[in-house]
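**Student:** The primary structure of each chain is shown beneath.
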Amino acid sequence: MRYYVRKLGFYLVALWAALTLNFFIPRMMPGNPVDALLGKLQQRGGQIGPEVRESYEVLLGTNDGEPLWNQYFSYLGNLFRGDLGVATSAFPAEVTDVIGQSLPWTIGLVGIATLLSFVLGVVLGAVVGWRRGSWLDSLVPATTVLSAVPYFWLALIFVLVFSSNLGWFPLNLGYDVALPTGWNWEFISSVIEHGTLPALTIVVSSVGGWLLGMRNMMVSTISEDYILTAQAKGLRDRRIMTRYAARNAVLPSVAGFAISLGFVVSGSIVTEQVFSYPGIGSQLLQAVQNSDYALMQGIFLVITLAVLGANLVVDLLYGAIDPRTRVEN
Amino acid sequence: MSLHARWRRARAAAIGTVTIGLLATGCGGSSGGSSTDPDTLIVYTGLAGQWQRNYNPYSPESIEGIGSIYEPLFFFNIARQDEPTSRLGTEFAWNDDGTELAITLREGVTWSDGEAFDAEDVAFTFDMIRDTPAFNSFGFDGSTEVVDANNVLVSFEEPSYMDAPQLLGKTYVVPEHIWSGIEEPETDIMADPIGTGPFRLGNFEPQAFTLEANPDYWDGEPDLKNVRYVALSGNQAGADALAAGEIDWQTGPVPDIANFERNHEGYKSITIPMNQMVLATCSNVELGCEGPQTDPAVRHAIFHAMDRDVLNSLAFQDTASEISPGFALPERDAAYVSAQLENRVANGSADTAQSEEILEAAGYQRGSDGIYAKDGVKLELSVRVVTGWTDYITAVNTMAEQLNEAGIKLNVNQASWNETTDARNSGNFQLAIDSLYPGASPDPYYVYYQFFHSQSTKPVGESANPNWARYANDEVDEALEELSQLDPDAGQDVRQPFYDTIQANIEQDMPYIPILVGGTTSQFNSGKFTGWPTDVNLYAFPAVWSRPDQSQIFANLKPAGE
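Those sequence lines, one after another, are chains E and X. Letter 306 of the first sequence, counting from 1, is numbered 1083 in the numbering used here, and no numbers are missing. Letter 102 of the second sequence, counting from 1, is numbered 105 in the numbering used here, and no numbers are missing.
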């Protein structure tokens, strides 16, 4: 029990630290939301006199001279009430609405891609590790090279080949915007069609890491005595590979997977940028470019909670599935 | 910072990376993208990210509706010297001293919910602007009087001729019967906008929304039935979608602009010179500027040492055009360009000899490293530019080489947009590459008022927007005051002497060193629709993000099949 209490206490402190950093870091950035808004107005051909600046400071309340500490405490207070404030880059929309609009797309795309990549990497890794020294070993350098290629480059090449040249996949957006949205097959299939290529690029570029880790753990597990015992007992190879070797070798990968699930919500800024995918990563980029502190804080908050939450779940689960971690020396 | 420039820049930024993706452009290539139908115009505004529903024409984050759903009284064409086009107003006239503006309104107009439009709506809109600080972007302080159902009289304390383009052309009339019930118009998103315009809001989704033709429009239902606004991630995605034929109109970067029309069947490209690219200098010692650029001789030397022809082809794909040191646009404002200027337009190729002569006359001596120095201080300047805006970066890097020839050392300082803008607004810079954007009507007065009037500036350390050069000159201020008291229709011979004074002064002081006039490039699908603006019939500024210009163009388009 003490194990769990200590863990929970640690996570509470980590959460507070993250929230505090979350408040101060955006405020250290140069620039302010009023300038970003003025930029948008100019872009519409508005005449920008000194009056405009003042009127926008009034509108956004950025010039009220409230001391930073007061802002900090009201920020913490608002967080507890679930009030993340108004997104100045989408004024007057609430931060919660902006995030709510993008989060499902990101979780759907990046979540499924991460899961696929993990399953594929672990299964392949187990097989490759089991048959070490065979031709299958060449899968390791092949997938690592794909992981090492800068992601934006890989994604651009995929767009060029599969969308622009071959026309197999749509170029951009999350679905065919000419269709009405709804839970019907036409719309859902359009979502799947639009998500396939971005998901593919994520899988291709990340599967190598899982594969390499799993394969190496397999190799060291195979040299354990209990594998030898199992073989001496005359068990079938396949049973030894899955029940004895892979089951033990997968432990570190499970931990890694849980952590990467936490990062799913932060989306993949580059993926969303290249494919014009409507997720949280592109919202974050917009928020930074527009000095939209409230939205930045909101997104960071969601990311922080997801990462901490995923870590907590792994920590607790790990105590259960691997009793060795619970023992105190 | 002008977003005009910002997007042009982002455009160029894209080109670098896009070239890869865009090798595809030449090959054409189709895609299993959106299903298109022949009377739907698909546009991309260049804005990155998804749509957040907001159809309040006065909200800074309004996504559409200006001109298309809500209409101004008149349309002022900033692309050429036109008379204002009638929209909801049919006539306007000033009294003799410019303190009363009489406006006659169109009869028989209805709001899209069926209510009749009349002078009460116009008076309500004007009063709301005056009483809502967040909406009052031009300091409107007039009072309104409804004369009868079709006539409104606006009175001012002082002559206010120069407010007319904003009041008549950039103020969008809203229905009193709806807006009078709104408590906080600043924060209302007008989810279901009611206007008089040629279009109404159709379907809205964060990734795309549609405007539908208004069947009851006073000028008849537009031929263009639907306009779909899609949300893409930026200029690269825009260029890709254009290459695949998925969008019909965008304003922004495309690689290989010279061969665009050959590579994109059915599409046309048009480039309009509008934003004047300059090296802004922190020029005013009295307001706290420091550095060699506070010496006008240095600014003039830089002006002459630039090779603009080379800059144009290396950095701007030859889409830029010549600039006048008096900052009247050489084409559009040809009649305003002063005969008293030393140089009517800036030199195309470098005039290093002239540059050297100016520096030597000002007491600079060339050091052993070829760089000029005065009183032991080397002539070394830093120029600020935004990271990723590749055309500006190429321009300043090329300039650095050109100026080096002339004995001036230029250090390029790249930083994020936020940081660069902050430095520029607060005066914490020596040189910064930027653009002077146009005003509400085709009259150089607005550029002068915004960028050269001492009222538009602040001391270093405070935010000056937009007179970043901290320029203050009593003669210029006075001439601008005089101009604002004159009826713009009074005739060129009455107004021109003031323009001459302003231009002579700003050429001599050169707080902004002219580079070139940047071209705004738009691409559109002329195979699918006809009626686009052309070089000979430039009835509106053809940038898809320019409002209300876009509505003039929407109303003029016809599906090509009909």
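Careful, some of the hints might be misleading.
Here are the simulated SDA-like cross-link-like pairs (lysine to any residue), alpha carbons at most 20 Å apart as the crow flies [claimed, not checked]: (1) X:K228 / E:E834; (2) X:K412 / X:G366; (3) X:K461 / E:E834; (4) X:K228 / X:K461; (5) X:K381 / E:A955; (6) X:K271 / X:I260.
Just so you know, these hints were derived from the structure itself, not from any lab.
**Student:** Each of the hints needs a verdict: does it hold here or not?
**Tutor:** Hint check:
Distance check on the hinted pair: K228 of chain X and E834 of chain E sit about 39 Å apart at the alpha-carbon level, beyond 20 Å; violated. Distance hint between K412 of chain X and G366 of chain X is fulfilled; the C-alpha atoms sit about 17 Å from each other, no more than 20 Å. Distance restraint check for K461 of chain X and E834 of chain E: the Cα-Cα separation of roughly 17 Å lies within the 20 Å cut-off, and the hinted pair is therefore satisfied. At roughly 48 Å between alpha-carbon atoms, K228 of chain X and K461 of chain X are farther apart than 20 Å, so this suggested pair is violated.
Between the alpha carbons of K381 of chain X and A955 of chain E the distance comes to roughly 62 Å, so the proposed pair goes past 20 Å and is violated. Taking the CA atoms of K271 of chain X and I260 of chain X, the gap is about 11 Å. The hint holds against a cut of 20 Å.
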